[in-house]
Amino acid sequence: MSEPAVEVRNLSKRFVRSLDFVERVANLVGANYREEVVSAVDRVSLRVDRAEVVGLVGESGCGKSTLGRMLAGILEPDDGEILMGGEHLNRLDDRRRKAALLSTQMVFQNPMASLNPRMRVVDTIGQAPVKHSIVPAREIVPYVDGIMRQVGLDPATRNHYPHQFSGGQRARIGIARALAVKPSVLVCDEATAALDVSIQAQVLNLFMRLRAQLGLTYLFVSHDLGVVRLLADRVGVMYLGRIVEIAPAGRLFADPQHPYTRALLADMPQLVAKKRRFVAIKGQLPSPLNPPMGCHFHPRCPMAVARCRGEAPALREIAGNHSAACHLV
Amino acid sequence: MSTVDQLPTETAGVEEGESMLRRQVREYFRSPLATAATITVATLILMAFFAPLFVPQNPYDLSQLDIMDGLLPPGESTYSGRVLWLGSDEQGRDIYSAILFGLRTSLTVGFLATAIACMLGTIIGVISAYVGGWVDSFVMRVVDLQLSLPSILVALVLLAAFGRGIDKVIAALVIVQWAYYARTVRAAALVERGAEYVEAARCLMLSNTQIVFRHVLPNCMPPIIVVATAQIAHAIALEATLSFLGAGVPVTQPSLGMLIASGYNYLLSGQYWISTYPGVVLVITVGAINLMGDRLRDVLNPRLAN
Ligand SMILES: Nc1ncnc2c1ncn2[C@@H]1O[C@H](COP(=O)(O)OP(=O)(O)O)[C@@H](O)[C@H]1O
Ligand code: SF4
Ligand SMILES: [Mg+2]
Chain A
441 MSEPAVEVRN LSKRFVRSLD FVERVANLVG ANYREEVVSA VDRVSLRVDR
491 AEVVGLVGES GCGKSTLGRM LAGILEPDDG EILMGGEHLN RLDDRRRKAA
541 LLSTQMVFQN PMASLNPRMR VVDTIGQAPV KHSIVPAREI VPYVDGIMRQ
591 VGLDPATRNH YPHQFSGGQR ARIGIARALA VKPSVLVCDE ATAALDVSIQ
641 AQVLNLFMRL RAQLGLTYLF VSHDLGVVRL LADRVGVMYL GRIVEIAPAG
691 RLFADPQHPY TRALLADMPQ LVAKKRRFVA IKGQLPSPLN PPMGCHFHPR
741 CPMAVARCRG EAPALREIAG NHSAACHLV
Chain B
44 MSTVDQLPTE TAGVEEGESM LRRQVREYFR SPLATAATIT VATLILMAFF
94 APLFVPQNPY DLSQLDIMDG LLPPGESTYS GRVLWLGSDE QGRDIYSAIL
144 FGLRTSLTVG FLATAIACML GTIIGVISAY VGGWVDSFVM RVVDLQLSLP
194 SILVALVLLA AFGRGIDKVI AALVIVQWAY YARTVRAAAL VERGAEYVEA
244 ARCLMLSNTQ IVFRHVLPNC MPPIIVVATA QIAHAIALEA TLSFLGAGVP
294 VTQPSLGMLI ASGYNYLLSG QYWISTYPGV VLVITVGAIN LMGDRLRDVL
344 NPRLAN
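Respectively, the protein sequence lines represent chains A and B.
Every number in the numbering used here is 440 more than the matching position in the first sequence, counting from 1.
Every number in the numbering used here is 43 more than the matching position in the second sequence, counting from 1.
In short, the hints are calculated from the structure, not lab data.
Note that the Cβ used here is the ideal one computed from N, Cα and C, for glycine as well.
Do not take every clue at face value.
[What the hints assert, rightly or not] Keeping only pairs whose Cα atoms sit at most 25 Å apart, straight-line, the calculated SDA-like set for lysine to any residue is: (1) Lys538(A) x Thr252(B); (2) Lys538(A) x Arg257(B); (3) Lys622(A) x Pro582(A); (4) Lys571(A) x Arg560(A); (5) Lys538(A) x Gln253(B); (6) Lys571(A) x Ile170(B); (7) Lys622(A) x Glu239(B); (8) Lys622(A) x His572(A); (9) Lys538(A) x Asn450(A); (10) Lys571(A) x Met264(B); (11) Lys571(A) x Pro595(A).
[To be verified] Which bits of chain A does chain B cover? Going by a derived footprint, with three or more residues having C-beta under 8 Å, they are: (12) 508-515; (13) 539-546; (14) 550-559; (15) 568-582.
Please put together the full structure from these sequences, using the hints given.
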């Protein structure tokens, strides 16, 4: 068995919106405003092995980005542990913790919004490697040139600003910025969602080429099952902050076990083009503010039984490397 | 996969590394009114700061004044035959020279007060946005309080306590103006803080200092510049009012406001020029700076920019 590049154990993140002044006053005179707590990520455990690509799918709002952000060090988890290269992040001293977090980089969804509009590309890519003494300041230009070439950008454009590039080129700048600090893990959060289909294919190819060249590990977050199917070795399915099923990609797409996964795949026309079964997911995604008791999926689940309303199913291994969280599988 | 690396050539038409700044500067000067205002302000600044090069006399060197030249109307010649285009006051002081020296005081006070208030307000605003919690609440309460009081009143009270002096006027102006910057910068910094490129910077483990100085503040500059331009005009007008009321700069370094005040008594007896010409220059200065501010706001407004 290969060693894990990153692993999370029982990781949780809640967002609290506290009451504003008006609501507090209203409460004094009898109104009933409560603090709103969103369990964006709810006791998630997941490991990604070295050089593995794990896809993470699920409807918008299920907590994929929040999980990715915690791995990238942008958000602090409320509970649980993150291990990088086998080391507990919280037990490392400051310097090594920083180095571990630096080795996990993120590629963002919106290529324009994730680039500082007032920074030249050379600085956007070169700032962090200089600050972290990966490259001496006077060698930064050739270093940036090399990375730009690696991601398919013309180094002659190094002094341009983000608005001077096309969408696909901006996506490459975002990738170059992440690569510049020599990461071993890339969290790609809907990294191609904002791009045209043809450009999307080019960027996906780039991801795969980089994986082969640099032995990168990916956590590939997407709501596009087609993209995940193309790239991922293993795929996890999230629903309202929890992972409900995870399995090798081939297996998950061929033989989904969890009712939610099945509904999700049934929604995906190109996969079942011939024998299309219309078991599309009924009902709205429940509010993550007050998720249903028991199995979060039970209000929409066609197979729900009484037990599902009261008891949350644990994620259990049902076959080699294939786990699902459902009382009926 | 070499085809993947074929670059689209759509940047070919764009100038090499043209920054947002350069684009905005070009856009700014597309307005003839703003261009005229900028030239006016630049001229006034140059003439004021190199005033000794442009004037026939030092209006505050008593040895250069001749009482015989007192109260001459515009266009008259002095005893020694020099034409006084803007007339003279009762001590025989050339009004044109007095205006340039006065403008120098007015501009110095306006720019220094604005620069200090801007720096102070920016620091307070960024800290408030970054620290959050009760610090933020406290700072914002003080800002609200400050902005709810009329600045002229606060400045008068402060100067009553401080006494006269250029440094004291500047201090009073800073105290009544820092809150504008704090509020603006805090709002902008809160937006920038949540920007994806700031998240990217955090992910790259850059320090808060690096993030604030390289990512947050540069992107807060447009609103800061707009507020600062308006506040320079405001500071100059406020100082003129204070000096007119006798609470501002000392008599040895009169500003435009004080020149207006000193000629005020002569207005009714027909010697309009002592008060009027400094007043005209004050109006032109404040008006032109405000025009620049309006144009800057249009050019830098992110909602209008693409
Ligand atoms: N900064 C935040 N503050 C408050 N709520 C948040 C924040 N970020 C995400 N959330 C909430 O957490 C939940 C999960 O969000 P997210 O991780 O972005 O989902 P996904 O990426 O799967 O669409 C959503 O309900 C979202 O509204
Ligand atoms: S536990 Fe029950 S409600 Fe949840 S997915 Fe399984 S059958 Fe459906
Ligand atoms: Mg997301």
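Find the hints from earlier in the document that the structure breaks and name them by number, from lowest to highest. As far as the earlier hints go, not one is violated by this structure.
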